[in-house]
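*Asks:* The primary structure of each chain is shown beneath.
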Amino acid sequence: MMTGRRSWSALDLSSEAEQILTLARQFAEERLQPTAEARDANEDRFDAAIHRELGELGFLAMRVPERYDGLGLDLVTYLYVLEELAWGDAGVAVSVSIHNSLPVSILLRRGSDAQRDEWLPKMASGEVLGAFSLSEAGAGTDAAALRTQATPTQGGWILNGEKMWVTNGASADVVLVFARTDTADDRRGSRGISAFLLSAGTDGVSVGRKERKMGQRGSETVALSLKDVFLPQRLMVGDVNRGFSYALEGLEAGRLGIAAQALGIASAAVDAAFEYADTRRQFGRPVRQFQGMEFKLGDMVTRLEAARGLLERAAAAHTLEDPRARRLSSVAKLFASETAMTNAREAVQVLGGYGYSREYPVERLFRDAKVTEIYEGANEMHRSLIARQLYRERGYV
Amino acid sequence: MNTIVCMKRVPDSATRVRVTPDGAGLDPAGVKYVVNPYDEFALEDAIRRKEEAGEGKVTVVALGPPETAESIRQALAMGADEGVLLVCAGSHDALSVAGALADEIRGRDVDLVLFGKQAIDDDNMQVPQMVAEFLGLPCATVVVGLEIAGRDATARREVEGGHEVVEFSLPAVVSTQKGLNEPRYPSLKGIMAAKRKPLEEREVILEAPTIEFLRLDEPPAPAAGRIVGEGVDAVPELVRALRDEAGVL
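Chains W and P supply the protein sequences, listed in that same order. Residue numbering for the first sequence follows this note's numbering, beginning at 31 and increasing consecutively. Residue numbering for the second sequence follows this note's numbering, beginning at 82 and increasing consecutively.
Excised from the complex, chain W in its bound form (with noise of 0.2 Å):
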């Protein structure tokens, strides 16, 4: 019964934000939940179906603004129906997350008219499905670290790398990549990289290896390999060298994104716990009437709740563009990933041996959570940054 899972009233919404979420939810529940399990049983598949779907309907337009054929949804909606998709597969919102949040968000911010008015069209459509490509095997919380080399020649650069942890990356079109712009005698550690554009099929690029994870297993991994890869100028997005601070105001937003996608994992986690607790019986009656049970499902709704409640302050604050911005993403994105991890565990125990079963997604939950924890900056990461940020904004040095 899947009746009031999901209120909205209180916030305060358009009625057209409405409908959109009301869509969200319906493409949720009936085309994305049903089809979870097979794109995790077939270990790391691109859906290119369902992707199609959602760029049909507009789900990849959500970030652009209408004046590139987008949407031009306001941060709050969008997270919203991200929380919603990835209630119903958060390896599927994953990948709208990164395309919205990354390479559109990056080019509405950093790239040229030209480039603006090539790419973002074609990226709202669904038509250019984007991705984002910073990580590499020995740069992955210290992205600065990062070794893949360009180097200039006649008329642009030639890169030469590995890249890792590439999400969309084999299926995806374009690809927003980071390299070194420096060299090897004057060394500038996080103001000598920039930020390009690269098409999927350019000479010189390869698919690597695709991981085999956990969980989300409705978005593909993959490591990128370029040999002598050639880019025009072009290319190039915004100032030579200033990559590095693109990729980090990219991140900012897209870590809402994360935490958008783990409160959906979380409130899954929520809605199977509260249906089986209600048909489940043992000892004559459903065992949401005991009272261990209550104290179980109760924490997971509060738990989730306040996750919602930061990701609204931290939209909000990103919106007024308020110096608490940085500090509030990392805390909702904290706390989010926190309560996903949290509620799916909670699930599985409210199911039981159940809960161990494939026969019910509760495990799915419970593996799909555990990277939110991880990526767009490892919690740990993310605690000492709420701590420096905060002295910051006090002040101090």
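Note that these hints are calculated values from the structure, not bench results. Keep in mind that the hints are not guaranteed to be accurate.
[Said to hold, decoys possible] Rough simulated footprint, nothing fancy, chain W against chain P, three-plus residues with beta-carbon under 8 Å:
(1) 153-162
(2) 259-268
[Unchecked claim] Derived CB-CB ranges, DEER-like:
(3) P/Thr291 - W/Val331: 42 to 52 Å
(4) W/Lys240 - P/Asp298: 58 to 68 Å
(5) W/Glu96 - P/Asp108: 35 to 45 Å
(6) W/Asp308 - P/Ser94: 14 to 24 Å
(7) P/Arg129 - W/Thr181: 52 to 62 Å
(8) P/Glu299 - W/Lys240: 49 to 59 Å
(9) W/Thr171 - P/Glu299: 55 to 65 Å
(10) P/Val98 - W/Lys240: 40 to 50 Å
(11) P/Glu299 - W/Asp308: 13 to 23 Å
(12) P/Leu297 - W/Arg139: 52 to 62 Å
(13) W/Glu96 - P/Gly226: 38 to 48 Å
Glycine is no exception: its CB is placed at the ideal position from the N, C-alpha and C atoms.
Given the coordinates of chain W, work out where chain P should sit on it, guided by the hints.
*Replies:* The following block gives chain P in isolation, referenced to the frame of chain W:
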């Protein structure tokens, strides 16, 4: 071709509805309302026909409380061109609703009037036929296939145990059944565009009802089940209970 789709706003079938203590109606608290699912087949048919022809207009007409406008917006988001809401409160019998709809449709330049075969709330299955009668138009009900060539239409109707094929000419009234098509999702762009499409709201006063509504009652709670025994030994008692108590054997 101009099509009118008559639409009703009904409680979502997944909602647990409760009757108000006085039996006067449903308790609206916690009830989610949706476009009547059978009307979505009508809407999808009208929109597809317009898209394939590359011309024509789809008008949605609904009768109900002011909140019905939300449901019309959803139809506009799916691709209808304009909406008309005949505002009236309370519940009404089929004849008075059909009269009001016929008054609205009469005089409009329309080729096809589509309905869902019935509304899932009161299940009357009367209004489309009554509207056809008021307008003096041919009427095909429970339609799962509809071909239109020029002014000639052929409809495949679901009947007990099979299909019946009927021919008629336009303008006509058709009520649609599951199987006619797969209604689309409104797109996000459609939702954003819907707010700019015309939606006319007008108060209407309905004819006095011909049916007196008395009250609604909750269905009786199902009696608790009984375990008559276990294994083979329980069979004689089970057979006896099914025959003598339940009367199903």
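*Asks:* If a hint holds in the structure, say so; if it doesn't, say that too.
*Replies:* Do the hints match the structure? See the list:
Here's how the segment 153-162 of chain P fares: 3 of its residues keep a CB closer than 8 Å to some CB of chain W, so the rule of at least three is met and the hint holds. Judged by the Cβ-Cβ criterion of 8 Å, the segment 259-268 of chain P is covered by chain W as claimed, because 3 of its residues qualify and three suffice. Range check, P/Thr291 to W/Val331: Cβ separation about 49 Å, and the 42 to 52 Å hint holds. In this structure, W/Lys240 and P/Asp298 meet the distance hint of 58 to 68 Å, their C-beta atoms being roughly 60 Å apart.
Between W/Glu96 and P/Asp108 the beta carbon distance is about 41 Å. The supplied range of 35 to 45 Å therefore holds. Taking the beta carbon of each, W/Asp308 and P/Ser94 are about 19 Å apart, inside 14 to 24 Å as hinted. Separation of P/Arg129 from W/Thr181 is about 55 Å and conforms to the stated range, judged on CB atoms against 52 to 62 Å. Separation of P/Glu299 from W/Lys240 is about 55 Å and conforms to the stated range, judged on CB atoms against 49 to 59 Å.
In this structure, W/Thr171 and P/Glu299 meet the distance hint of 55 to 65 Å, their C-beta atoms being roughly 59 Å apart. Look at P/Val98 against W/Lys240: about 49 Å separates their beta carbons, and that is inside 40 to 50 Å. One distance hint, 13 to 23 Å for the beta-carbon pair P/Glu299 and W/Asp308, holds here, with the actual separation near 20 Å. Range check, P/Leu297 to W/Arg139: Cβ separation about 57 Å, and the 52 to 62 Å hint holds.
A hinted range of 38 to 48 Å for the beta carbons of W/Glu96 and P/Gly226 is consistent with their spacing of about 40 Å.
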